[in-house]
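Take the sequences, apply the hints, and build the full model.
Here is what each chain is made of, one letter per residue.
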Amino acid sequence: MERIEIRDLVPEPMARLRAEELDRRVWHRDLELRRGQYYLLETESGRGKSSLCSFLYGLRDDYRGQILFDGTDIRQFSRARWAEIRRNEIALLPQEMRLFPELTVMENIQLKNRLTHHKTSEQIGAMLSALEVEDKADTLVSQLSIGQQQRVAIVRTLCQPFSFLLLDEPVSHLDARCNELASQLILAEASAQSAGIFVTSVGNPLAITNLSNL
Amino acid sequence: MWRLLRKNISGWQMAGYAIASIVGLAIVIIAYQFYRDARGLLGESETVTSEYAVLSRPVSMLSTFGIGAKASEGIDQEDIDALAQQPWAKRVGEFTAANFSVTGSVEFGGKSMWSHLFLEAVPDEFLDIAPRGWGFNPADGAQAEIPIIISKDYLALYNFGYASSRGLPQINEGMISKIPFYLYLSGNGHSNRYRARIVGFSTRLNTIAAPLDFIQWANERYAPGQEAQPSRLIVEVDDPGNPEIERFLSRAGLEVAGAGLDKSRAATVLKLVSSAIGAVGIAICALALFILSLSVTLLLQKNRQKNSNLLFLGYSPRRVAGCYLQLVGWINLGVTAAAIGALLIASYLWRGPLVQMGAQPSSPWAGILLGAIVMVIITAIAYLSIWRSLSHLK
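These protein sequences, in sequence, are chains P and D. Following the numbering used here, the numbering of the first sequence begins with 1 at its first residue and continues without gaps. Following the numbering used here, the numbering of the second sequence begins with 1 at its first residue and continues without gaps.
Be a bit skeptical, because a hint or two may be false.
Claimed, not checked - Calculated pairs, DSSO-like style, for lysine-lysine (alpha carbon to alpha carbon, straight line, at most 30 Å): (1) D/LYS271 - D/LYS90; (2) D/LYS306 - D/LYS7; (3) D/LYS306 - D/LYS394; (4) D/LYS178 - D/LYS152; (5) D/LYS394 - P/LYS119; (6) D/LYS152 - D/LYS111; (7) P/LYS119 - D/LYS7; (8) D/LYS306 - P/LYS119; (9) D/LYS152 - D/LYS271.
As the list claims (entries may be wrong) - Chain D is nowhere near these chain P residues, computed Cβ spacing over 12 Å in every case: (10) GLU5; (11) PRO11; (12) LEU31; (13) ARG64; (14) ILE67; (15) LEU68; (16) THR120; (17) GLY125; (18) ALA126; (19) ASP138; (20) VAL202; (21) GLY203; (22) ILE208; (23) SER212.
What the hints contain is simulated information worked out from the structure, not anything from laboratory work. Note that beta-carbon positions come from the ideal geometry of N, C-alpha and C, so glycine has one too.
Next comes the structure, spelled out in structure tokens:
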């Protein structure tokens, strides 16, 4: 996939609101995301950044306007096609992380990796150690701190091929040093895949220098 | 994935479903198999859906002395028409009697034995056998060989009653057909000898039957001008268990010869009882399916978040549904195996007594196949309910 186009998008529940009540940095805009380029969407909480990510990932379709992947309206995609997109074309790290608390760190990551066969166990181990959570591999996710969970979720998100990487406040629970480590890992993986990055933030953005502000 | 999803499975619900469906399925297939095995005993075959009954006037004391009223005389056209109009009567045929004198004779090495005989005829479509050489061509006249069908009971009477008590040899159907004998017909100033041969044995007709064409031709020749009143009727009925038949017959003053209809009635009762038990089994199966659907829906509700997260990761809905289907599939496989086990034990137990009574129990494959079909249907319905529950997730 080479480009994502967003045209005059607004969530259905907000469609009745007057234009000035909506955050124009997020809604009623025409945006184009290109593969290989990095974008940052920065606004305050509650302005709809997560909703936008859900729309782009096919988790919700209660919006007005249009989203096009390489010119095709995503409303046409079947559930099977969405499953394929989520395995091979778009990776999303949601703000709520969506880990399985009853599984261990490694089981959580393998649940994704067994589907994509994208990384070897050694590569996963290396990514965990790059984010300093390698000793937690066999720990239940429910026993991790939020910051540790966020790092595990980052690793899991990277265990797949993608053209675009959507990161919804990926480092909100990380300190500056961990943010730096995560940013390097993400950047390395994205550039290896020549992927585009779309990252949202409320003021603690990913430590990547060449992010263009939307 | 399985490790993740199985955590919310309730063992009690699944055990409840399994027990209920084992009981239901076992009842269905055992009832079906028993019906198949036992119906041979009652003479019902798969291809015959109707039965024949031979009807006559009851013989009363008065008719014995020749002073009978109408009820003890023959059967007239009125009776035939009334019978033919009954909705349960598919076809009605008459027994046409020979109105002339018949004598049969057999020659054994120079010695001859003879006896007075009688002959009757029914339309060919009421015969239960179609022997070779049946029929009569009037052009052959006195040169014709007359084919004869006799009741199987007569042969049994000879073999097991007469022959065994007198130390005579028993004979089988093949041997009897090879013996040529002669019929002497006389009346109206004619007297002729005809070659005759027994060509078949009937279980339906207890008479000595010749082709209808021959009897009509001979009545014309040996007893012209005599009105041939049918002595008996043969009727094909669609449902021998129909109580309307008995009511009509007693009203019309007719009785049924032999146990033809009783046997059929017993077969109908067997069918009814088997169907009733089968219906109970199906009802239990339906309730079990209901439990299964509820349990699966509940499980899917409890796993809603997990299912949704699996779809989020890129698992296809088909694959997630497949995981639950596997659960249902394994349980149902176990249920089917247990029910088939029960069927095999039950059919083993009834095989001995049924064989003693003269039935030939069929192989249990029909019951096994039925069980498999029912289980495939239940699994398919469960899969649909799984698929529907998952289809709400994005």
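Hint check results:
This hinted pair checks out: D/LYS271 and D/LYS90 have alpha carbons roughly 21 Å apart, not beyond 30 Å. With a C-alpha separation of about 11 Å, the suggested pairing of D/LYS306 with D/LYS7 holds against the 30 Å cut-off. Among the hinted pairs, D/LYS306 with D/LYS394 is consistent with the structure: their alpha-carbon atoms are about 12 Å apart, no more than 30 Å. Using a Cα cut-off of 30 Å, the hinted pair D/LYS178 and D/LYS152 holds, with the two alpha carbons roughly 16 Å apart.
Our distance criterion of 30 Å between C-alpha atoms is met by D/LYS394 and P/LYS119, whose separation comes to about 26 Å. Proximity of D/LYS152 to D/LYS111 is assessed by CA-CA distance (about 26 Å); at most 30 Å being required, the pair is judged to hold. Between the alpha carbons of P/LYS119 and D/LYS7 the distance comes to roughly 28 Å, so the proposed pair stays at or under 30 Å and holds. For the hint pairing D/LYS306 with P/LYS119, the CA-to-CA distance comes to about 23 Å; that is within 30 Å, so the pair holds.
Between the alpha carbons of D/LYS152 and D/LYS271 the distance comes to roughly 28 Å, so the proposed pair stays at or under 30 Å and holds. Consistency note on P/GLU5: stated as away from chain D, and its beta-carbon is indeed over 12 Å from all of that chain's, at 21 Å minimum. The Cβ of P/PRO11 lies farther than 12 Å from every Cβ of chain D, with a closest approach of about 15 Å, so its non-interface assignment holds. Residue placement check: P/LEU31 keeps its beta carbon more than 12 Å from all beta carbons of chain D (closest about 22 Å).
Once the 12 Å rule is applied to beta carbons, P/ARG64 is consistent with being away from chain D; the minimum gap is 18 Å. With a least beta-carbon separation of about 14 Å from chain D, P/ILE67 lies farther than 12 Å from that chain, consistent with its non-interface assignment. For P/LEU68, the requirement that its beta carbon stay farther than 12 Å from each beta carbon of chain D is met, with the minimum near 19 Å. No beta-carbon of chain D comes within 12 Å of the beta-carbon of P/THR120; the shortest separation is about 19 Å.
For P/GLY125, the non-interface assignment is confirmed: its Cβ lies about 20 Å from the closest Cβ of chain D, beyond the 12 Å cut-off. The Cβ of P/ALA126 sits about 21 Å from the closest Cβ of chain D, beyond the 12 Å cut-off, so the non-interface label holds. Annotated as non-interface, P/ASP138 keeps its C-beta farther than 12 Å from every C-beta of chain D; the closest such distance is 14 Å. With a closest Cβ-Cβ approach of about 22 Å to chain D, P/VAL202 is found to remain outside the 12 Å limit, as its non-interface label requires.
The non-interface label for P/GLY203 is consistent with chain D: the shortest C-beta to C-beta separation is roughly 26 Å, beyond 12 Å. With 12 Å as the threshold on Cβ separation, the claim that P/ILE208 sits away from chain D holds: the shortest Cβ distance comes to roughly 25 Å. No beta-carbon of chain D is positioned within 12 Å of the beta-carbon of P/SER212; the least distance is around 28 Å.
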